[in-house]
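Peer 1: Protein chains in written order, with the working numbering: chain A, 197 to 308; chain B, -17 to 94.
Hints in this document: simulated from the structure, not taken from any laboratory.
List time: in silico BS3-like cross-link candidates among lysine-lysine, alpha-carbon distance up to 27 Å:
1. Lys47(B) - Lys295(A)
2. Lys273(A) - Lys245(A)
3. Lys82(B) - Lys264(A)
4. Lys295(A) - Lys256(A)
5. Lys264(A) - Lys252(A)
6. Lys264(A) - Lys248(A)
7. Lys307(A) - Lys256(A)
8. Lys273(A) - Lys307(A)
9. Lys248(A) - Lys273(A)
10. Lys295(A) - Lys(-11)(B)
11. Lys82(B) - Lys256(A)
12. Lys252(A) - Lys295(A)
13. Lys264(A) - Lys295(A)
14. Lys252(A) - Lys82(B)
15. Lys295(A) - Lys245(A)
16. Lys248(A) - Lys82(B)
17. Lys273(A) - Lys256(A)
18. Lys273(A) - Lys252(A)
19. Lys(-11)(B) - Lys47(B)
20. Lys82(B) - Lys245(A)
21. Lys248(A) - Lys295(A)
22. Lys(-11)(B) - Lys82(B)
23. Lys82(B) - Lys295(A)
24. Lys264(A) - Lys245(A)
25. Lys82(B) - Lys273(A)
26. Lys245(A) - Lys256(A)
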Amino acid sequence: GNSVTQMEGPVTLSEEAFLTINCTYTATGYPSLFWYVQYPGEGLQLLLKATKADDKGSNKGFEATYRKETTSFHLEKGSVQVSDSAVYFCALRSSNTGKLIFGQGTTLQVKP
Amino acid sequence: SAVISQKPSRDICQRGTSLTIQCQVDSQVTMMFWYRQQPGQSLTLIATANQGSEATYESGFVIDKFPISRPNLTFSTLTVSNMSPEDSSIYLCSVVGNEKLFFGSGTQLSVL
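Bound-form chain B, shown alone:
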């Protein structure tokens, strides 16, 4: 199974600032995804992180707000830019490895 290390696990940020979340996997994986879970809501897919090319964003999400990097097959970052209280959420990375899906432990973000 893939072991995912996601950090930070939680943060409290000021409005207008940016936060970068890191996702490190202990093995090479073909696909990596970033999700958001707003309070009391289901998980919403933000984007697919593509190795060596720009991420593929879902409807309602844009690169300027959620820039994503994936420099190799084991690592990705998601930045939440110019934050507002509406961005308060849990952000999770997910990977596909050996036909199985794995989730990171999540980053709980609170924006004041």
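Here chain A stands alone, though its shape is the one from the complex:
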């Protein structure tokens, strides 16, 4: 079945450091891939998405590229801020069923 695996957290970085959160997936067909962010005490927000191989999603300085050959969708940001501290969820949406399947989430803590 479809599944998403993220690197375990928490990830602790200093402000302005480079961020990578790894995400790999298993899926049949041609899924769409997403990153969602959940700030403390808030609901889920869509951060970025990519709908086909080699697409790059980007938003708020975050980027992720849909890599079909490595079945990956790693999240990157060149310079993190304290305000980026949150839980980040990688997800895929099945092209067959429309279901959104989430990874386990990775907590990012950015220290000043």
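We have chain A; now place chain B onto it with these hints.
Peer 2: Same frame as chain A, now just chain B:
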């Protein structure tokens, strides 16, 4: 974009009782899903709410525990039946509209 109204936003319930959560969308949507997010965990898909037919449940979830209704293309309910403290969680509805995914604000349920 679809606007989702989910209620109640939170509730505290006694063991053995049931709670019905409502999800109202401001436009007709093709697909509606119900998720659970247990404390400190990722989102887990409970079921797909099908208009005019029985919901499709994921492994580990059954209709007797989580009956779902979807009488039309804009509305769905999820009931958490015979609650126990293990059901304490955030429950979210999600819809697909215009090829995009939207989440309700969630219902935070605490079972004593």
